[in-house]
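2 protein chains.
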Amino acid sequence: MHHTLLTYHFGSRPGLLRAVLLEARRRDNLVIAETGDELGFAALCGAVWNFYSDPAHEDRTHAFFHLVGLAVYERDAFQELVVDIDGLTHLLEAVALRDGATAADARRQSIIATACLRGLLLQRLLSPTAEVDAAAERFITSLAASGGGSHTL
Amino acid sequence: MHHTLLTYHFGSRPGLLRAVLLEARRRDNLVIAETGDELGFAALCGAVWNFYSDPAHEDRTHAFFHLVGLAVYERDAFQELVVDIDGLTHLLEAVALRDGATAADARRQSIIATACLRGLLLQRLLSPTAEVDAAAERFITSLAASGGGSHTL
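As they're listed, the protein sequences go chains A and B.
The opening position of the first sequence corresponds to residue 1 in full-length UniProt numbering, with each subsequent residue numbered one higher.
The opening position of the second sequence corresponds to residue 1 in full-length UniProt numbering, with each subsequent residue numbered one higher.
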């Protein structure tokens, strides 16, 4: 299909990028969720980090932050993206509950972990250094040390 | 000064936005650094959160994530922004060192804290709920509980 036709179909280039990203993320989350069937909270966070910090999936992180940057000033056009960004948090929340966390704890832990992993991916994207990877490793280890996320961070 | 003249001077609207944001951030960091003279690592993270989650400073967060979104695909044009985003991390690092952390620990703790606060601000921007504020409070409390950042998270 010609690019101009695709753009016409999706209304705009950001619209096209969003559709591609949403579909990629839907499949990514399925892969990660499948991994999560066997993992605790901390290990799942590790799997999420490994997945998105893999150069093979760099396009996801690029597209994600680009769309987020547009969504800031065009919230209506990107409502679907905004709703979608909670997908990963819900995945982590379910695992934290399975690990024995209370509902409130599971929610907060998953918001914190998603925010931290997202912030680290952003840092890695803009200013990639070994220190960012070391920080991510440390963050994930600290989750494991606190009992897989069932206590405090 | 007329907006068109400003745009001419700064080369582009993103260039103008960047210049305005850099100057605002420079001053913000001075305010936060001054607060930090009396605070430990965890309390300083709390001050950073309070500053940027304040509706009065919402424009900073908006402009920051918008520019980041552009920088993803135009890295050269936004090199200065990319360099600048490490300013807050360095501020936190200095306080972690003063709190007694080793150089490597101080670096990692400050990368993690910056990433997490940035991710939480992004979450709050796109999908503002009381749960995000509760998660931020919990994250900052967990830093304090671990000895102001001198041990693990």
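Calculated from the structure, these hints are not laboratory results.
Keep in mind it's a predicted model, so treat the numbers as computed, not measured.
Idealized CB from N, CA, C, for every residue including glycine.
Heads up, a few of these hints could be off.
[Stated by the list, open to error] Simulated coverage check for chain B against chain A, where a stretch passes if three residues somewhere in it have a Cβ under 8 Å from a Cβ of chain A:
#	region
1	23-34
2	113-123
3	126-139
Results of checking the hints against the structure:
1. 23-34: violated (count 0)
2. 113-123: With 9 residues in contact (Cβ-Cβ under 8 Å with chain A), the coverage given for the region 113-123 of chain B holds.
3. 126-139: It holds: at least three residues are needed, and the region 126-139 of chain B offers 8 whose Cβ sits within less than 8 Å of chain A.
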